[in-house]
Amino acid sequence: MSNHIIELKNVSVAFDGQQIIENMNLYIRDKEFITFLGPSGCGKTTTLRMIAGFQEPDSGEVIFDGKVINGVPPHKRQLNTIFQRYALFPHLNVYENIAFGLRLKKTPEKDIKEAVTEMLSLINLKGFERRNIASLSGGQQQRVAIARALVVKPRVLLLDEPLGALDLKLRKDMQVELKNIQQRLGITFIYVTHDQEEALSMSDTIVVMDSGVIQQIGTPTDIYNEPKNAFVADFIGESNIIEGVMRADFWVEMAGHRFKCLDKGFGVDENVDVVVRPEDVDVVPVEKSMISGIVTSITFKGVYYEIIVEIKGFKWMIQSTDYQAVGSTIGLNVEPDAIHIMKKSQYSGLYGDYSSFSEEFDELSDATVYEDEDE
Amino acid sequence: MNKQSSLMSRLAGAPYLVWAALFIIVPLGMVAYYAFTDSEGAFTLANLAEISKYKDTFVLSIWLGLLATVICLLIAYPLAYIMAQKGPQKQSTMTMLIMLPMWMNFLLRTYSWMTILEDYGLVNTLITSLGFEPLQLINTRGAVVLGMVYNFLPYMILPIYTVMLKTDHSLVEAAQDLGGNKLDVFRNVTIPLSVPGVVSGFTMVFVPSVSTFYISQKLGGTGTILIGDIIETQFQTANNFHLGASLSFILMILIFICLAVMNRFSDDDGGVII
Amino acid sequence: MKKTSIGSKLYQALVFIFLYAPIIVLIVFSFNSGKSTSVFEGFSLHWYKELFRDAATLDAFKNSMIVAVASSIIATVMGTTAATAIYGYKNKLLKSSVMTVTNIPMMNPEIVTGVSMMLLFVFIGAVFGKTGTLGFGTLIIAHTTFELPYVILNVLPKLRQTDPHLAEAAQDLGCTPLQAFFKVMLPAIMPGIISGLMMAFTLSVDDFIISYFVSGTESQTLPIRIFSMTKRRVTPDMYALSTLIFVAILVLLIVSNIISAHGDKKLSKEKGGAKK
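Chains as they are written, first to last, in this note's numbering: chain A, 1 to 375; chain B, 1001 to 1274; chain C, 2001 to 2276.
Bear in mind the hints are in silico, worked out from the structure with no lab data behind them. Just so you know, these numbers come straight off a predicted model, no measurement behind them. There's no promise every hint is true.
Within a straight-line C-alpha distance of at most 16 Å, the following computed EDC-like cross-link-like pairs (lysine to aspartate or glutamate) qualify [said to hold, decoys possible]:
(1) A:Lys172 / A:Glu161
(2) C:Lys2231 / B:Asp1229
(3) A:Lys343 / A:Asp263
(4) A:Lys31 / A:Asp16
(5) A:Lys343 / A:Asp249
(6) A:Lys76 / B:Asp1229
(7) A:Lys113 / A:Glu129
(8) A:Lys106 / B:Asp1184
(9) B:Lys1053 / B:Glu1173
(10) A:Lys343 / A:Glu226
(11) A:Lys264 / A:Glu253
(12) A:Lys105 / B:Asp1229
(13) A:Lys343 / A:Asp204
(14) A:Lys76 / A:Asp65
(15) A:Lys315 / B:Asp1184
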């Protein structure tokens, strides 16, 4: 308990009668890199703003370092935020932006200079002191925003989709750099993103959220290998989510075959969701296979082929380094450790098979407009 | 864009370019021409020399204009700030309420102040009925400044309000996040970011105030003659176009100098350019 | 919502009292039965009847409308084409110098603009040996000139907001450049054109200073008529006139507000329906 820097207890938030956060409970350990992961509108940014103090919960407690901080204004909280679009002050230059928090604390000029210089070297922007904010590239602005928040020595840094505006390669570099900074300074990072790859590669702990409810908390490997429900399985990586029946402990039946697995503790003949990752399916000769199906499409992805195989009316995705002709019948094997069994949940059956990759594509016939907005 | 459409856009611009040359640039040339010639059409500096007689009038006009502008700023700034904090429904209602008086005829709005300020007007009626001595309100410089403030106040409120509304709210949050209380945020973020609005409000109030003639005629009596009054007299009654043109010429140059100074001031601050 | 302090409420109230005091005085005295504009003698509609009997004022009103309609239409058409052209200019120097000239009528004191145009018209009249060049023509020219920058500045931002590939897409689908402009660009920038037109119209109706210098005796507009009336002691029929104008504008604004609020609601409903 003692190393919990932040705790949320039974926290709820609603806007205009719409529930954004529903009775959330969460603790965050000191010095960890924790990520709130979920689709737009899942409540992750609201949770972050609640911790920062820009949003008050309708009910429940926000606890920082053992003290309830409900009602404490943002400027009195020992945490700082990296805003989505950086929110750098356009009327101040790089130096003054970074010095902003220190000046408010009436820090002596000499110390400010020292601290800002140190920060500029931390973010590799030495010599940029007098530059105008508008003249910086997106990546440079991002670094200034990080320096501006870190210079006031927060115990926790909140990052609201900080890399969203950067291009792919720069984003990858910044991921490494952020992780390095976090480890070097030894402070807690709370990171918000909808990018699962980003979450998997940077975090100590991932909190997967949907519709204001935490779906799963765990390490990246836990979340990937043992998703709690169909939502988590579908949101993190590619996965075949198949309806199955637990015939006994360690035995599950799906796609007309009885597979050995590592899961137990379900009722006999209980309906379950089975997750099989595409990379865990082996292509074998039909006669030696557990199940077989017809290849309906194949796409070259560089390292592997992505093959869609129809087995008993359900389209599986598998990844294989060998080419298979469309229309041919192939055999598939799934090892026990590649099978993950989940209890049925409200998300069961929502994601379907690999007839298409996205929900959006499924909905095109409804002519609905996809809106790219965040919370 | 391909050649055809760029040629088209050039042709589309032609009527306006001709119009602007004929009715914006040439008339200003006419002002200069009349300012430097006598009634025979010969070059002379006599008109400009005569302006020295009106030095005090220029000084008074600029002084009163400046005073009115500063008072407008002091009234408008807090109001714009209050408005910018409100919900969208209230904001649109208040914007409408501020613009509505501008739709009333400017002359009648000013004239109506006479009714209020006159020797036997509403204010003095009220004061005497309370048993006090009546005040000299009308035909004072104070009344002229009041008229300017009244007529041009919306031009100060609206630009400041618009800039404040456009300010990214996350900047305010960032300042709070870095440890700023309300006053800190106001001083370090809200005020510097509103400079462009203040500058445009300043010019929009200062220019018509300096050059007005109706307000001073109605509320200032014979004691407050402004540069606008002198120019109006030259063209409408004295028929001395040459002196009138040279006065206008100087007024225009003075105002452009003021605007240039103001713009420089706002550029140095590096504020958002509107 | 934040709580508003009493101080802030009081402050807002004071500002609005200041803004509306003269207007209320004006409306009250328009119903005065006496001739005074400062002593209220009793309620009557006498001055409204007087107003409709005053041929000169009605004439001035008609003139104002003619000038406003003509000049705002000319300014809108010319300003819209000008804005499109300016937007397309590749040459930065040309663009910025055209914009500088465009800004002159807005920056210059109105009295200088009025005087400069008067001098031009008088000069041309003198060259052709005519007097009395000032009239409807000069009024419309002058009004068009000071309305133009407002139209251009309303249309330009809309052009900038429009996807630059819109016209190209239309041409790609077989429009000529001219068709592309009328079928695609024009609808996209229409809100800017409309607000430019409305602004031009109201500026024209409201203008006194510039009209004062460029109008002839036969082409008095309403503000000039009011000016000449306020030279003497004003009778409340002028107040009746401005009350009528005020009420008309108020009704117009409320109606347009209701329409736009209604539109917003409809829009948000449709949006809500599309979201799951």
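Checklist entry - In ascending order, which of the hints set out earlier in this document are inconsistent with the structure? => result 4, 6, 9, 12, 13, 15
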